[in-house]
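Asker: The residues making up each chain are set out below.
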Amino acid sequence: MMARGQAAATEAPAVIRLSGAACTYPGPPPVRALKPADLVIGRGEHVAITGPSGSGKSTLLNLIGLLDRPTAGTVEIDGLDVGGSPERRRAAVRALRIGFVFQAFHLLPHRTALENVMLAQVYAGGSRRGRLAAALAALTQVGLGERAGSLPSALSGGERQRVAIARALLNQPSLLLCDEPTGNLDSATTAEISGLLEGLHSSGTTLLVITHNPAVAQRAQRRITISDGYLSEQHDRQACPQDGAHRAHA
Amino acid sequence: MLTRRPPGVSSRLRAQDLADEALAGLLQRPGRSVLTMLGTVLGIGGFVAIVGLSQTANGQIGSAFSRLEATEVTVTDTAASHSKVPVLDFPPDADALTKAINGVVAAGVWWTVTAKHGPVSARPPGVPPDGLRLTVTAATPDALAASGATLRAGVLFNQFHQDHSQNVAVVAASAAAQLGLNSLADQPAIFIGGRPFTVIGILSGDQRLPQLSLGVIVPEKTALRIWGPPDHDSPAQMMIHTRLGAAPVVADQVPVALRPTDPLAFTASAPANGSELGQEVASSLNTLLLALAGIALIVGMIGIANTTLVAVLERRSEIGLRRAIGARPVHIAAQFLTESTALGLFGGLIGASLGVVTVLAVTVLHHWTAVLAPGLVLAAPAAGAVIGLLAGLYPALRASAVEPAEALR
Numbered sequence: 001m002m003a004r005g006q007a008a009a010t011e012a013p014a015v016i017r018l019s020g021a022a023c024t025y026p027g028p029p030p031v032r033a034l035k036p037a038d039l040v041i042g043r044g045e046h047v048a049i050t051g052p053s054g055s056g057k058s059t060l061l062n063l064i065g066l067l068d069r070p071t072a073g074t075v076e077i078d079g080l081d082v083g084g085s086p087e088r089r090r091a092a093v094r095a096l097r098i099g100f101v102f103q104a105f106h107l108l109p110h111r112t113a114l115e116n117v118m119l120a121q122v123y124a125g126g127s128r129r130g131r132l133a134a135a136l137a138a139l140t141q142v143g144l145g146e147r148a149g150s151l152p153s154a155l156s157g158g159e160r161q162r163v164a165i166a167r168a169l170l171n172q173p174s175l176l177l178c179d180e181p182t183g184n185l186d187s188a189t190t191a192e193i194s195g196l197l198e199g200l201h202s203s204g205t206t207l208l209v210i211t212h213n214p215a216v217a218q219r220a221q222r223r224i225t226i227s228d229g230y231l232s233e234q235h236d237r238q239a240c241p242q243d244g245a246h247r248a249h250a
Numbered sequence: 001m002l003t004r005r006p007p008g009v010s011s012r013l014r015a016q017d018l019a020d021e022a023l024a025g026l027l028q029r030p031g032r033s034v035l036t037m038l039g040t041v042l043g044i045g046g047f048v049a050i051v052g053l054s055q056t057a058n059g060q061i062g063s064a065f066s067r068l069e070a071t072e073v074t075v076t077d078t079a080a081s082h083s084k085v086p087v088l089d090f091p092p093d094a095d096a097l098t099k100a101i102n103g104v105v106a107a108g109v110w111w112t113v114t115a116k117h118g119p120v121s122a123r124p125p126g127v128p129p130d131g132l133r134l135t136v137t138a139a140t141p142d143a144l145a146a147s148g149a150t151l152r153a154g155v156l157f158n159q160f161h162q163d164h165s166q167n168v169a170v171v172a173a174s175a176a177a178q179l180g181l182n183s184l185a186d187q188p189a190i191f192i193g194g195r196p197f198t199v200i201g202i203l204s205g206d207q208r209l210p211q212l213s214l215g216v217i218v219p220e221k222t223a224l225r226i227w228g229p230p231d232h233d234s235p236a237q238m239m240i241h242t243r244l245g246a247a248p249v250v251a252d253q254v255p256v257a258l259r260p261t262d263p264l265a266f267t268a269s270a271p272a273n274g275s276e277l278g279q280e281v282a283s284s285l286n287t288l289l290l291a292l293a294g295i296a297l298i299v300g301m302i303g304i305a306n307t308t309l310v311a312v313l314e315r316r317s318e319i320g321l322r323r324a325i326g327a328r329p330v331h332i333a334a335q336f337l338t339e340s341t342a343l344g345l346f347g348g349l350i351g352a353s354l355g356v357v358t359v360l361a362v363t364v365l366h367h368w369t370a371v372l373a374p375g376l377v378l379a380a381p382a383a384g385a386v387i388g389l390l391a392g393l394y395p396a397l398r399a400s401a402v403e404p405a406e407a408l409r
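Line by line, the protein sequences are chains D and Z. Sequential numbering from 1 applies to the first sequence in this note's numbering. Sequential numbering from 1 applies to the second sequence in this note's numbering.
One chain only, chain D, in its complex shape (with noise of 0.2 Å):
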């Protein structure tokens, strides 16, 4: 509710809000990953972020993923402030408000597919009855339903994405935030895992995309830049429902 209130702004109540959020690693000499970043992603959203390497995407990825903390400003998720709060609160929100999917898969190598989906529970607090079943219908969402017994080395690429897609999802996150979903896919995979990024995201998924394929970002709503340090969003196709509402400046 209250989280509700600071987000009056806007229509949708913001996942992610960035305040000022910077990050500078300490040197000799420091490095200023990302310089102060105001950032606001709505629910339902769902954005690109492009850039070349060592622009300061992975560090705004570890800043919003919670696997980092910011040096200055703040980071909410659901109108929590997380950057500044202890670790087993930052734990929490991982688990349960955030999906993972990396570009290296990070599946267990000796664990099936449904084992792999049903790990993101083990630390989401929930009960042990019912993850089985939850984890099935995530795979069933990602189309590997039949694929549910197999080893991570027993499947494609592709497959392996969706197997950390729907472990990802199985926790019903607010962001799914995608490192790289499709750097380690060949062209027509990568359409295939972009098409069911789109369909989650036409089903209510709030996607957060970190890429440097020109074809991913496109199907985005919007499309932020990030160089040197510094964001900056393209507005060459209209996508924000208000007016400043969602914006993304240095």
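It is worth saying that the hints were derived from the structure and are not from the lab. From the three backbone atoms N, C-alpha and C, an ideal C-beta is built for every residue, glycine too. One or more hints might be untrue.
Computed, partial: chain D to chain Z, Cβ under 7 Å [as the list claims (entries may be wrong)]:
1) Y25
2) A72
3) A91
4) G158
What follows is a set of in silico ranges between Cβ atoms, one per label pair, in the way DEER data are often shown [claimed, not checked]:
5) Z:G294 x D:S127: 37 to 47 Å
6) D:A188 x Z:Q28: 29 to 39 Å
7) D:L132 x Z:L35: 25 to 35 Å
8) Z:G294 x D:P52: 57 to 67 Å
Assemble the complex: chain D is given as a structure, and chain Z must be docked to it using the hints.
Answerer: Structure of chain Z alone, referenced to chain D:
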């Protein structure tokens, strides 16, 4: 939607999930897990085998050297020693009551007569030389049997003499020499404080009551009739000869059998188990072997620590992923600690089993009786678990310090 989960909630790891994850971690490289356990198996197995074998060997030495004392129970009339007036707390049928206990071979009451019984002489009163100051002991026929008295000549007094409080005596060999008794052919008499006693036997020795071989022994009822109950400074005792191994059990039961209403009136003592001599003989060799087993344990511990550390380095991306899906550093540490503890526990279980098998095999080979402290066998797996836990401390610390952002790159 925003408040569907309380914001202050922290991520959790259920014990069963922790166990599942740790077990899966161990089973993903079963060969390596087995090899890692080997050091603990050898160390724990060595400990159990060495301690078990030395206990077994001690048991054998003990039974050889202490067969005599292991079958002996002494019951003391505790109440009488606190009494001002002379009293005999043993009931008249004490011997029969005790003999009814399972495991008792023979049992009898005896005491040293300290009342003024006068000098012992082979001549009638008034005929010089004066008598000798010899110890007079009252004993039931069963007490003589239980104490293992052996005769040089004649017979021991029997139940008839006892029941009719006959004035008969059995004289120890040394006393017989002092009294000038050489032969029993003419049924010699001795005089105790002027009272005549027929000497019916001469002792050659006594296995359990050496004090009997110094003086004169008379039937218990006779002593009771003439001198009354024993003094408090020399209360009546009971000598019990038990079957091998029955002594502690018999000692527990005798006081109750003798006086159900007041068992505390009697103190029954059985010899302590084990032979200190045997333990000393075995200990120097054991120290060396135990040191070797200890080294094996330390090597096993280092092995577990090493393997777990390698696993931490290998599984950095898994650690990063777990952190990303909500694991806290403590959850990561708990998982690796559980894995190393489980390695130690399984190693300890296998080692303890092998140790017991070794002890049994050696025992069967030598036709010995296996002696193995149950506490030792139960403690061995626990010791293995502790070793695993200690070995996992540093790797777990390293694992919990892995930065997720770096590990996922």
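Asker: Could you tell me which of the numbered hints above are not met by this structure, giving the numbers in increasing order?
Answerer: As far as the earlier hints go, 1, 2, 4 are violated by this structure, in ascending order.
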